[in-house]
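Undergrad: When you get a sec, could you build the whole thing from the sequences and use the hints?
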Amino acid sequence: MVEFLKEIPTIRFMALRKYWYALSALVVAASIVLVLVRGLNLTVDFTGGVVLELGFSQPVDLEQVRGALAAGGVEDFQVRTYGTASELEVRLPPAGTGAAAEQADRVVAALKAVDSSVKLNRTESVGPQVSEQLAGQAANALLFTLLLVLIYIAFRFRWRFGVGSLVASLHDPIVAVGAIALLGIPFDLNVVAALLTILGYSVNDTVVIFDRIRERFRSMRKAEPAEVIDRAINETLARTIIVSGCALSSVIFLAVLGGETLRGFAVALAIGIVIGTYSSIYVAGAIALDLGASARDFMPPEKRGDVDDLP
Amino acid sequence: MQRYPVWKGVLVAAVTVAAILIALPNLYGESPALQMSRRDRAQFTPESVTEISGALQGAKIPAEEVYVDDEGRLWARFARVDDQLKARDLIQGRSGGQYAIALTSASRAPDWLQWFGLEPMSLGLDLRGGMLLVYEVDTEGAVAQLLQRLERDFRKELRDARIQYQEVAVSGHAVHVTLRDAGQADAARKALLAYDSQLTFAPDAPAGTLTVALSEAAIKERQSFAIQQNITALENRVNALGVAETVVQRQGQNRIAVQVPGVQDASEVVRLLGKVATLEFRLVDPVNSPLEAERTGRAPLGTRLYKQRDGFPVLLKRDVIATGEQLIDASFAPSQGEPAVSVKLDSRGGDEMLRTTSENLNRPMAVVFIEKERELVQRDGQEVAVDRSKEEVISVATIRGVFSNNFQITGLSAAEGTELAKLLRAGALAAPVVIVEQRVIGPSVGQDNIAAGTEALAIAGIVLFAFMVVYYRVFGIIADVVLLMNVVIIVALLALLDSALTLPGIAGIVLTVGTAVDANILIYERIREELKVGASPWASINAGFDKAFSAIGDSNVTMFLAGFMLYVFGSGPVRGFAVTLMLGIVASMFTALVGSRALIHLIYGRRRRIERLAI
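Going line by line, the protein sequences match chains A and B. Per my numbering, the very first residue in the first sequence carries number 349; after that it's consecutive. Per my numbering, the very first residue in the second sequence carries number -1; after that it's consecutive.
I should point out that these hints are in silico values taken from the structure, not numbers from a laboratory. Check each hint, because a few of them may be wrong.
Unchecked claim - With a cut-off of at most 35 Å between alpha-carbon atoms, the simulated DSBU-like pairs for lysine-lysine come out as follows:
#: 1; chain 1: B; residue 1: K545; chain 2: A; residue 2: K354
#: 2; chain 1: B; residue 1: K154; chain 2: B; residue 2: K305
#: 3; chain 1: A; residue 1: K467; chain 2: B; residue 2: K84
#: 4; chain 1: B; residue 1: K188; chain 2: B; residue 2: K154
#: 5; chain 1: B; residue 1: K342; chain 2: B; residue 2: K154
#: 6; chain 1: A; residue 1: K460; chain 2: B; residue 2: K58
#: 7; chain 1: B; residue 1: K342; chain 2: B; residue 2: K218
#: 8; chain 1: A; residue 1: K354; chain 2: A; residue 2: K366
#: 9; chain 1: B; residue 1: K305; chain 2: B; residue 2: K388
#: 10; chain 1: B; residue 1: K388; chain 2: B; residue 2: K342
#: 11; chain 1: B; residue 1: K388; chain 2: B; residue 2: K218
#: 12; chain 1: B; residue 1: K342; chain 2: B; residue 2: K188
#: 13; chain 1: B; residue 1: K315; chain 2: B; residue 2: K218
#: 14; chain 1: B; residue 1: K530; chain 2: B; residue 2: K6
#: 15; chain 1: B; residue 1: K545; chain 2: B; residue 2: K530
#: 16; chain 1: B; residue 1: K84; chain 2: A; residue 2: K460
#: 17; chain 1: B; residue 1: K218; chain 2: A; residue 2: K467
#: 18; chain 1: B; residue 1: K6; chain 2: B; residue 2: K545
#: 19; chain 1: B; residue 1: K315; chain 2: B; residue 2: K154
#: 20; chain 1: B; residue 1: K315; chain 2: B; residue 2: K188
#: 21; chain 1: A; residue 1: K570; chain 2: A; residue 2: K354
#: 22; chain 1: B; residue 1: K58; chain 2: A; residue 2: K467
#: 23; chain 1: B; residue 1: K84; chain 2: B; residue 2: K58
#: 24; chain 1: A; residue 1: K570; chain 2: B; residue 2: K545
#: 25; chain 1: B; residue 1: K305; chain 2: B; residue 2: K342
#: 26; chain 1: B; residue 1: K154; chain 2: B; residue 2: K388
#: 27; chain 1: A; residue 1: K570; chain 2: B; residue 2: K530
#: 28; chain 1: B; residue 1: K530; chain 2: A; residue 2: K354
#: 29; chain 1: B; residue 1: K545; chain 2: A; residue 2: K366
#: 30; chain 1: B; residue 1: K315; chain 2: B; residue 2: K305
Claimed, not checked - Per the computed footprint, the stretches of chain B lying under chain A, defined by three or more beta-carbons under 8 Å from a beta-carbon of chain A, are:
#: 31; segment: 457 to 468
#: 32; segment: 501 to 507
Unchecked claim - Okay, the calculated beta carbon distance ranges per label pair:
#: 33; chain 1: B; residue 1: W113; chain 2: A; residue 2: A449; range: 55 to 61 Å
#: 34; chain 1: B; residue 1: P3; chain 2: A; residue 2: L639; range: 40 to 46 Å
#: 35; chain 1: B; residue 1: F562; chain 2: A; residue 2: K570; range: 39 to 45 Å
#: 36; chain 1: A; residue 1: V385; chain 2: B; residue 2: V592; range: 49 to 55 Å
Note that the structure is predicted; figures quoted are calculated from it, not measured. Ideal Cβ placement from N, Cα and C applies to all residues, glycine included.
TA: Dropping the structure here:
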């Protein structure tokens, strides 16, 4: 049998939780400050910008075009075919007044390397793909989702656990966004999808550990709550390592081999998986513990019966 | 020897076979195609196939296949987008505007699969591209509508204030009022200001007249309101099409770009999005003869001549009671066996309707249906936009009772009623919009990137599969089979629901494959734990599944709820993610809990005794 952990480890996770709280609080604060100060590298999806329509004398290879644009110093562009294979659309982030023409010139100059007879057919401004209304909608969706998850976990476990999972599921995307701001990863719609994935992953991880905690509270009624939670985390540690390892290795493959477009998405996911694993061990369980989780939360309701009346 | 319920085994087998079958067309892929339907709604015949194929051959455009589908539409499939575009130009030129031609794509799957009605799942805009429609908003029309409303309301205000006028008319961006009695100018001004205190009167108007001109700012505001309203209406319409992952965005001054990914029926989309339908409720003129007006070609003062569906003329009052702009909801609701569209108006429309119906009981009222389409037609080698506008009285009904904002329109066929309700509900547009451009757009994620991403996912998958086999041996193989089944089921479900797969959607799949792996690992780790404390193999398997169930169940239900909320409240990419998340969770619960147990029983179930489990 191949096994990572031959024996169930006896790490006392909860004993050190004060330090981890401090670290988490620090990282969350740093993330928020980073996003506010440095800002996110929002792509055309969010900001809108300029669309250039270009005509070539013959069908062109998109990769070659991307290479030429990058070499020509054009940044944050999106390229796709438009109508036929010899017509392209290039999207750029908004430029200041007057700078649009300059931007267009730079694109055309860069593409001369691909086809000397390249022609600029049209320049037009576009609004963001994510209108304010849609962004508001998405924010609402997220809020309702978190609330429902909180209610469900509170119902299946106890409210203490619901709060623990809520804090963990807020903690993870915030830190991930902070990391994205720090690394300057372009923030596009795919990164939004990655953040949702991180949220889902974190919730899943948390629920699995909560489930074991629930089970152990029922079977170890005399033990201290911290001891029970430690035991549950240790027992699921093998599973946590394998699952996180598998997920992490998959997204690392995606980041390394998956090409430019998927890199931001994959890196965001990788960061999220690491944080999600950490938070389901430290944040979710520890908060439930400090909110007073105990064996009493999971005891069957006391039976009132005739027994009490006997002398 | 352990028994496993036969029906569960049969269920797993049936689901697997069905999923593989439904997912199969994806292996063949799609080709660019043209879909043609006749404007006169007649069906294409086999002769048209020969004719079109001949024309294509004559122009040396290689077509993969030309055929007529069940609904009498003609399809032509090509290997390359360039051929598709050339063929469209050719056929459009030949047909002289008789065919509606849509750029779309068609399945390359063999006939027997298509005979089952099985189609490959569609890919989203980012992965495969799609169709781009650029609409131009008639912002001038929006301003004109505002002026008309002012004209109408001025008349009403002056009447109510008992101020006699000779004329209230719109010219340019202004409304001119000519009073009977010049002395009442101040009173008139007061009455109009009471209606809207923002009105500005031109200072140089001659005595006895008032001129209300719209300010530049008011015009700008009205125009940008019209564009914003159109964007919202188009978003609603596109969402009503049920195609996931569409994009609606403002482009330039007065244009809106709509991007729809691989739709099955492009012409239907163009038709539904391109039509501008609105309603007007008007009173019928009971005095003058419509036949007389038709003969002389002149409608009496204060009326307009319209045609009914059966061709009979009808004279309607110029004053509009309510328009589609005031519509809140419309739904198809047959009443007493007769098709009917139930209409709900806003309070302003309702007030007007209440006033009109109470003053005109037992007089006829008409519903005018206005539909506008603009098409690009080839004329002398140039593309010319042609407006087709249809104004038609769809019903004339006697006002039987007083009603306000809730009533029904009858006198339509069931099909017309359904479509009318759909169009009205999708949003009556304040300003007419017209298509000025229709194009096929390529994917925003480059082909190389898609290839690289697929390759990376494949390698990650192989590594994961290998790890599972090394770590869990026979049970690892079971997990791998079950995971493959999981992916096939997701693809099949996506194909069935005709939901386009996008990058965010793939993120959802990656997440659910992750949870499926997790579910298997949870079960196997539990089985190992049970074996360690000395339970027998079968007892361990059963206990493993039972004990892991609470964790798998709770985590999957939580995620499903999350997916559901994201679907209900989100839109665009968030929705794409939510769809695959929910489908994936259903697939993963089924495969991990039912599928993998069935496989274990298949492998170990027949043996009398198992000494050891290869886990």
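Undergrad: Output the numbers, in ascending order, of every earlier hint that fails for this structure.
TA: none
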